[in-house]
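Chains as they are written, first to last, in my numbering: chain A, 1 to 440; chain B, 1 to 440.
Derived by calculation from the structure, the hints in this document are not laboratory data.
Predicted, not measured: the structure shown is a model, and the values here were computed from it.
Each hint should be verified, as a subset may be incorrect.
[Unchecked claim] Cβ-to-Cβ under 8 Å is the rule here; a few derived chain A residues that face chain B: (1) PRO44; (2) PHE45; (3) ASP135; (4) ASP156; (5) LEU160; (6) ASN162; (7) ILE168; (8) GLN190; (9) PRO193; (10) ASN221; (11) GLY224; (12) LEU258; (13) PRO260; (14) PHE266; (15) GLY357.
Ideal Cβ placement from N, Cα and C applies to all residues, glycine included.
Protein chains: 2
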Amino acid sequence: MHAINATHDPSLRSWVGSANRTGTDFPIQNLPFAVFRRSGSDEPFRGGVALGDQILDLGAAELAGVATGVAAEALAACAEPTLNSFMAMGNAAWSALRKFLSEALRADSRFAARLRPAFVPQKAAEYALAARIGDYTDFYASIHHATTVGKLFRPDNPLLPNYKWVPIGYHGRASSIRVSGQDFQRPYGQVLPKGADRPELAPTARLDYELEVGVFIGAGNQLGSRVPLAEAEEHVFGVCLLNDWSARDVQAWEYQPLGPFLAKNFATTLSPWIVTLEALAPFRAPWMRPAQDPQPLPYLDGAALRTAGALDIQLEAWLETARMRAQGLPPERLSHSSFRDCYWSVSQLVAHHTVNGCNLEAGDLLGSGTQSGPTPEEAGSLLELTDGGKRPISLGTGETRTFLADGDRVVFRGWCEKAGYVRIGLGEVAGRVLPAAPPS
Amino acid sequence: MHAINATHDPSLRSWVGSANRTGTDFPIQNLPFAVFRRSGSDEPFRGGVALGDQILDLGAAELAGVATGVAAEALAACAEPTLNSFMAMGNAAWSALRKFLSEALRADSRFAARLRPAFVPQKAAEYALAARIGDYTDFYASIHHATTVGKLFRPDNPLLPNYKWVPIGYHGRASSIRVSGQDFQRPYGQVLPKGADRPELAPTARLDYELEVGVFIGAGNQLGSRVPLAEAEEHVFGVCLLNDWSARDVQAWEYQPLGPFLAKNFATTLSPWIVTLEALAPFRAPWMRPAQDPQPLPYLDGAALRTAGALDIQLEAWLETARMRAQGLPPERLSHSSFRDCYWSVSQLVAHHTVNGCNLEAGDLLGSGTQSGPTPEEAGSLLELTDGGKRPISLGTGETRTFLADGDRVVFRGWCEKAGYVRIGLGEVAGRVLPAAPPS
Numbered sequence: 001m002h003a004i005n006a007t008h009d010p011s012l013r014s015w016v017g018s019a020n021r022t023g024t025d026f027p028i029q030n031l032p033f034a035v036f037r038r039s040g041s042d043e044p045f046r047g048g049v050a051l052g053d054q055i056l057d058l059g060a061a062e063l064a065g066v067a068t069g070v071a072a073e074a075l076a077a078c079a080e081p082t083l084n085s086f087m088a089m090g091n092a093a094w095s096a097l098r099k100f101l102s103e104a105l106r107a108d109s110r111f112a113a114r115l116r117p118a119f120v121p122q123k124a125a126e127y128a129l130a131a132r133i134g135d136y137t138d139f140y141a142s143i144h145h146a147t148t149v150g151k152l153f154r155p156d157n158p159l160l161p162n163y164k165w166v167p168i169g170y171h172g173r174a175s176s177i178r179v180s181g182q183d184f185q186r187p188y189g190q191v192l193p194k195g196a197d198r199p200e201l202a203p204t205a206r207l208d209y210e211l212e213v214g215v216f217i218g219a220g221n222q223l224g225s226r227v228p229l230a231e232a233e234e235h236v237f238g239v240c241l242l243n244d245w246s247a248r249d250v251q252a253w254e255y256q257p258l259g260p261f262l263a264k265n266f267a268t269t270l271s272p273w274i275v276t277l278e279a280l281a282p283f284r285a286p287w288m289r290p291a292q293d294p295q296p297l298p299y300l301d302g303a304a305l306r307t308a309g310a311l312d313i314q315l316e317a318w319l320e321t322a323r324m325r326a327q328g329l330p331p332e333r334l335s336h337s338s339f340r341d342c343y344w345s346v347s348q349l350v351a352h353h354t355v356n357g358c359n360l361e362a363g364d365l366l367g368s369g370t371q372s373g374p375t376p377e378e379a380g381s382l383l384e385l386t387d388g389g390k391r392p393i394s395l396g397t398g399e400t401r402t403f404l405a406d407g408d409r410v411v412f413r414g415w416c417e418k419a420g421y422v423r424i425g426l427g428e429v430a431g432r433v434l435p436a437a438p439p440s
Numbered sequence: 001m002h003a004i005n006a007t008h009d010p011s012l013r014s015w016v017g018s019a020n021r022t023g024t025d026f027p028i029q030n031l032p033f034a035v036f037r038r039s040g041s042d043e044p045f046r047g048g049v050a051l052g053d054q055i056l057d058l059g060a061a062e063l064a065g066v067a068t069g070v071a072a073e074a075l076a077a078c079a080e081p082t083l084n085s086f087m088a089m090g091n092a093a094w095s096a097l098r099k100f101l102s103e104a105l106r107a108d109s110r111f112a113a114r115l116r117p118a119f120v121p122q123k124a125a126e127y128a129l130a131a132r133i134g135d136y137t138d139f140y141a142s143i144h145h146a147t148t149v150g151k152l153f154r155p156d157n158p159l160l161p162n163y164k165w166v167p168i169g170y171h172g173r174a175s176s177i178r179v180s181g182q183d184f185q186r187p188y189g190q191v192l193p194k195g196a197d198r199p200e201l202a203p204t205a206r207l208d209y210e211l212e213v214g215v216f217i218g219a220g221n222q223l224g225s226r227v228p229l230a231e232a233e234e235h236v237f238g239v240c241l242l243n244d245w246s247a248r249d250v251q252a253w254e255y256q257p258l259g260p261f262l263a264k265n266f267a268t269t270l271s272p273w274i275v276t277l278e279a280l281a282p283f284r285a286p287w288m289r290p291a292q293d294p295q296p297l298p299y300l301d302g303a304a305l306r307t308a309g310a311l312d313i314q315l316e317a318w319l320e321t322a323r324m325r326a327q328g329l330p331p332e333r334l335s336h337s338s339f340r341d342c343y344w345s346v347s348q349l350v351a352h353h354t355v356n357g358c359n360l361e362a363g364d365l366l367g368s369g370t371q372s373g374p375t376p377e378e379a380g381s382l383l384e385l386t387d388g389g390k391r392p393i394s395l396g397t398g399e400t401r402t403f404l405a406d407g408d409r410v411v412f413r414g415w416c417e418k419a420g421y422v423r424i425g426l427g428e429v430a431g432r433v434l435p436a437a438p439p440s
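Isolated chain A (complex conformation) (with noise of 0.2 Å):
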């Protein structure tokens, strides 16, 4: 687990004055990865660091010229137009390079003049997903969301015998990932309409978000080996935003025995900007288990999780609607909750995926679940938020929601803060339904 150093000293302020602004997702204390290019133009994606309302190019010349050592091999591996192997040198190299941009970038650097030329204003650039992603990962990590979620669609049995032991995951869809900005047409699906005898194909009437944290592999296991759970921070490399978008009455529909699949795989949509674990050191809260709640197995269970195993990250998901927008009228907030109150832990989660041999990759992406908190306000999707569509969600512009209509934009943001140290954040994922494209 990252120990708290120079890096998150609040007294730090940098030479890009947008950085200090109070309230900024991106001050010297952060410093998260994606990968960009200008808007529209035709260079290649590469890394970039955020700082304040710009973007520090990581394949800029400049950067290059003053870095040295395992900095400088650092930053050329994010100079190509994917993190990946950025990724997979581990640790110490991005610590490293964490190191040399916080000293580069803080108010006293004599590169300050030197490095001016290598921002791009973030409001002049495009993202692309920061990895290629080999395979994603989605786990059900919060219990508040799994047993709402579970008295809907199982009313009798909620929470499964399992629920408590075993840290339930699935593999979702890679190819139909991402970045933030993503909209997409309503998709199609077989539903079984209420009272019938026979599914039809139509377009999802119950489309919904999931406000989960996405989690992206670092240094990957080889096939067959197993990740300690004390070890299993060191193969992470960073959080962000993710949007799992459902269509749950396909999925109510074709989810037995084997679990979702067309219900999910249509889109799902990532924030930009990766947040390492080691700009998160401050904000570390101890994992608890009720003491009425079975313990974990040894595998799932260790001395650092119970001191610092849960990140206190602030979620939040916003709605926009096409009225919103038409009547220049702000979005509205539909929860807020904290990824504290995870029922597994992100070590757990890897911990958990590798204890058969099962080998994770650099780029790899694990989804913790919607993250729902204990009260009902704090659930992570419409399907929570509206007892299964049964009540309405009222909004400012007189329209009621029960699950998301074409022309809806859902926007997700988190941070964390905590007193003593400087606010970090995460940015944020937007993405927008469209209207289902014509029968063909």
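Following the hints, position chain B against chain A.
Quick look at chain B alone, frame taken from chain A:
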């Protein structure tokens, strides 16, 4: 659907003698693709085509010198270390290369002397996966398997109401797929001992194989687009054999509600050779749905499907125990089934997979699910053959099996035969179970 053409002519013979031997998997009418190099060498992997007991090296200079046009472009793509680029070229390129190879390799070819140095004996070769597999989807398309297994997992509810409507599938793990010859340690996993109220971590005691057909996607589709049933086969490059190793005790405990995960993702093994759909043209069969069953929704139905949507591929599972090896005894055949009995066709799997706009990419892999036939002896897994482990199989060595023992080697074979055509084979896929690692 591919027409029968001159490449299927049963009278064709090759100037490579072993291709003309009765019973070979790889006559000149087959021409399947793999990625190979000389065993133990540090040569680059590249594409090859099987002919008798030889491999035509598609990267060989001799070959490049005689091909022209699209066939030459296809050959250049086949010289890469994976066939993804070749697969992405689509059917016109695959078919042009097949025609070129058929002509260059037949007995009366003028290229015989020139191409002779471009061969490597199969016994001197080692294989790699033929494609970088971006996503792997496993289906559940044999109703006989689904019914038998359903009875074991859900005695009161064997075949779920969606089965006859939805080609049930789920996403599998791409990173742990290996080519034939994969030996792996018996995996650990959480299992719930009979009568226990808490699970334990243990090596699986119910390790099984699953006899499947693997389907490689060639040309992909854009995210948000749909592949109509009538065009589905244009997106399919070819088929191979697939062993979806499964830990049944882990599966039973973990699979609800999101499907199999660690029970399956520790290893999946593929045969090296991919037989193209064009090579399989003579072995098509009508796709039939029993009259008493619901007929498919329109997006899963069509005239070509009804005429020739099925593939009559014979499938066998063989077991070689450590004792058989020690005593020099041959492997024993455990079952024999046909892909013809599959409830859903390959075209239906593709059309269903994309009906929501999910994008398939060149090199993606679909598994058919365990191919069990209508009689109990045709079951494609030990779970079925032993009635869930209750009725052990007796082997000629005096051994018995419910599930796989350490040292067991499982071999699948596949082939097509039909009066008036030359038999073609899929070759074989083999893998072996090693003892579990010591507890850590």
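Against the structure, the hints:
no., hint, result
1, PRO44, "violated (20 Å)"
2, PHE45, "violated (18 Å)"
3, ASP135, "holds (5 Å)"
4, ASP156, "violated (13 Å)"
5, LEU160, "holds (5 Å)"
6, ASN162, "holds (6 Å)"
7, ILE168, "holds (6 Å)"
8, GLN190, "holds (6 Å)"
9, PRO193, "violated (13 Å)"
10, ASN221, "violated (10 Å)"
11, GLY224, "holds (6 Å)"
12, LEU258, "holds (4 Å)"
13, PRO260, "holds (7 Å)"
14, PHE266, "holds (4 Å)"
15, GLY357, "holds (5 Å)"
In terms of the numbered hints stated before, the structure departs from hints 1, 2, 4, 9, 10, listed from lowest to highest.
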